[in-house]
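Protein chains: 2
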Amino acid sequence: MIKVERYKKNPIITPDMIKPINSGYQVVGAFNAAVTEYKGEILLILRIAERPISNDPNIELAPYFDCETNKTKTIGLDRNSGKYNFDDSRVISTIGKENEFDFLTSISYLRIARSTDGINFVIDDEPFVYPHNEYETFGVEDPRCSKIDNTYYLNFSAVSTHGVCVELISTEDFKSYKHISRIFNPDNKDVALFPEKINGKYYALNRPTVKSTGHNDVWISSSPDLKAFGDHTWLFTGSKDGWDNGRVGAGLPPIKTKYGWLEIYHAADTKSRYCLGAMLLDLNDPTKIVKRLSEPILRPETDYEKNGFFGEVVFSCGATLTGDVLSIYYGVADTSMAVCKFSMMEILNEIMK
Amino acid sequence: MIKVERYKKNPIITPDMIKPINSGYQVVGAFNAAVTEYKGEILLILRIAERPISNDPNIELAPYFDCETNKTKTIGLDRNSGKYNFDDSRVISTIGKENEFDFLTSISYLRIARSTDGINFVIDDEPFVYPHNEYETFGVEDPRCSKIDNTYYLNFSAVSTHGVCVELISTEDFKSYKHISRIFNPDNKDVALFPEKINGKYYALNRPTVKSTGHNDVWISSSPDLKAFGDHTWLFTGSKDGWDNGRVGAGLPPIKTKYGWLEIYHAADTKSRYCLGAMLLDLNDPTKIVKRLSEPILRPETDYEKNGFFGEVVFSCGATLTGDVLSIYYGVADTSMAVCKFSMMEILNEIMK
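Order-wise, the sequence lines are chains A and B. Residue numbering for the first sequence follows the UniProt record's numbering, starting at 1 and increasing by one per position. Residue numbering for the second sequence follows the UniProt record's numbering, starting at 1 and increasing by one per position.
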C-alpha cells in the first residue's frame, strides 16, 4: 500500500469561496483543476460549475451559452412533466434514454486560482476561458495544462449538442490565450499531452467514448504540430471486476521518470466510484505500457471525497513535483479541490517491484 | 426531380459471382465499393462480406479475425440461450442492449473488381485488404478511394471490440499497399478525402458516432500530412423529419466543380432506409456549405434496392465522371453493386437554382 498524505485542512478550495459571475446562479463546483507553475506561483486552472437558482421547486433551470446573443441563458423544465429524469445531479435526460443527456444542470468554465505556498489560493475575479462557440454551449470542463518548451498548452472538454469534443489553447501569460485546434472530435475527453516531443512527435492520451461496441478505454495519438492528431492507438482498458471496471481515462499530463512516463489516471467502477491509478509508459515509445499497478493509489475515503455534488469521486488533472514530493491536486465529489502528497520514489518502486 | 438512369441489367455485381476465400463460408455481400480509374480500367474496391455457414440451425456462427493465430475463426452462439438478439441480419447484440453489438454476422474485407467498360467486371481471386490487426478483428468496411497527386489513398472503417475507427492506406499499383495512419479514433466512419489540398491543407469529411448527446452528423477535419487530422468542425445534420432524420454520412470523395465541391452523401431515416443526397461545399473553404438539396437524388425503389441482406438501402462510396456523365456506383440492400447515371450539369443546376 502506497502511503498518501492528505492535507489536513482539505478541501483547499470550495464553491463557497467563489463568487458566481452569472447573476442568479450559485457556484456548485470548483474542481478538476489543471495545475502548473508560473513565475513562482502555483496555478490551479479550476473548473467552476455555476448552477442557475430556480425560485420554483417545480421548475429545473438548465443553463446554456447562446452563441447568437453571446449570453448565458436558461431553459425552464417542468419537473412534473414526466418527460425528463432529474435523478443524476449532473445531467438531465429524457426518461428511458438515461444513457444520453439532453441538458446539464450547471455550466462549467475555467477560472484561475493562484498561490505561493500551494495551499492558500487567491481566485481570479474573471474567467480565464468561458464558453464562446457552438462546441461549448453546455460548458468547458476538466482542463489539463502541459508546458512544452516555453508555452503553456491547456486542453479541455467542450460540451454542446454536438457531443463532447476536445479543444486546445495556448497561453504565455495566463491572462489571454490563443486557440490552437479542436484536437479530437466527439465523443472524446480526458486528454493529457506529454510535455515534450518523443522521437519527433507530440503525443496525447485521450479517451474516446464508444457507442457501437467496446469500452471507454484510453488511447494514445501522435501529432506533428499539436493541431492534428493521428496514428490513434488503443492503450488500455479497465479490469472486468473491481475498482476500474466502469471506464478509465487519463489524468495528469505524463511525468518523465527514469523508469518511463508516469501516468496517474482515473478509473470508475460501474457505480461511478472514481479512484486514481498509476502506470508507466515506455520512455521512447509511449504506446507501450511498461507496468501498471493493479490497485488504486487513491480512493474516496474521507467525507469530502465521499459526499458532495456527485459523491465517491477523486479525479485529478494535475500535480506539482518538488524533489521527491508529488503533490496531487484533485477534485473531490465533483465539488471542491483537495491536495495530497506522495513520495515519487515510493510510487515508482511499487510499480516496478 | 433530377433524372436518374439506372443501368437496366442492375445489379452489376452480386454475391453469387464471388467465390469465398474462407472455406465453410458463403459470400453474402459484394457492395459499398470504392471507385477509381487506373491504367484505362475502372476499379471497384468491393466490400466483400463472408458469412460462416452453420450446419446447426440452433447455432449462429459469429466470425472474427484472430490476431494471435492470423486466422479467421468463429464463435458458436446458441440461438435459444436467451442471451442474444439475432433480429438484425448484420449484428448480434445482447438482449436489452440492442444499441450496441457484440458480434457481426459476417466478416468484411476488400477485394478488387476490374473493368474496361464500367459494367462487366472481373473480380480478383485474392483480397486486396484483409483484416490483420486488433482494430480489424470484425472486418474492414466501406472503402473510399481518393487520388491525390499520383497516389491512390484508400480509407475504410476498421471494426473490432475497440469500436469502429478509420484507417488510411495508399497504393500505387492496386496490388500492394502501405499503411499510412489510423486517422480517426472510435467511433467514426464514412470518411471521404478531398482529392487535393485546399489552402495548403488536406481535408476529410467524417462521421463521428456520438454517445453522450447529439446526433450522428457529418464533420470536416483538416490535416497537414494525411496522417493526423485536427480542427474538427461540425458540418451538417439531418432534418428532424423525413428521409434524413436518422443519420447522415459522407459518400463519394468530393468532386471539384465550378460551383463548389459536390458531395453526394447518404442519409438514413429512423427506420434505416438509406437514400443519397447532394450538396455543394465552398471551393476555398470546404467547412462552409454553399447549398444542399432538400430532397434525395436517389432512393431505394427497385427490387434489388429494396430487398436483400439489409433492405431499403442505396449507399455509394464512389463514382466516375466522363464529360457530363456522373456514373454513381452504389451498394444495394447491403448485398450487391449497382450503377446509375446522372447529368452532372442537371445536379448542379438543381442545387444552385
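Hints should not be assumed to be uniformly reliable.
Identical chains share a label here; the pair holds if one copy fits it or two copies do between them.
Derived lysine to aspartate or glutamate pairs resembling DMTMM-like cross-links, with alpha carbons at most 25 angstroms apart [to be verified]:
id	residue 1	residue 2
1	Lys291	Glu68
2	Lys353	Glu134
3	Lys83	Asp269
4	Lys227	Glu196
Just so you know, the hints here were simulated from the structure itself, not pulled from any lab data.
At most 25 angstroms between C-alpha atoms: does Lys291 with Glu68 qualify within a copy, between copies, both, or neither? between (49 angstroms within a copy, 22 angstroms between copies)
Lys353 and Glu134: within-copy, between-copy, both or neither at 25 angstroms Cα: neither (48 angstroms within a copy, 30 angstroms between copies)
Give the relationship of Lys227 and Glu196 under a CA distance limit of 25 angstroms: within one copy only, between copies only, both, or neither. both (15 angstroms within a copy, 20 angstroms between copies)
Treating 25 angstroms as the Cα threshold, decide for Lys83 and Asp269: within, between, both or neither. This pair counts as between: shortest inter-copy Cα distance 23 angstroms, intra-copy 29 angstroms.
Checked against the numbered hints above, the structure breaks only hint 2 and satisfies the rest.
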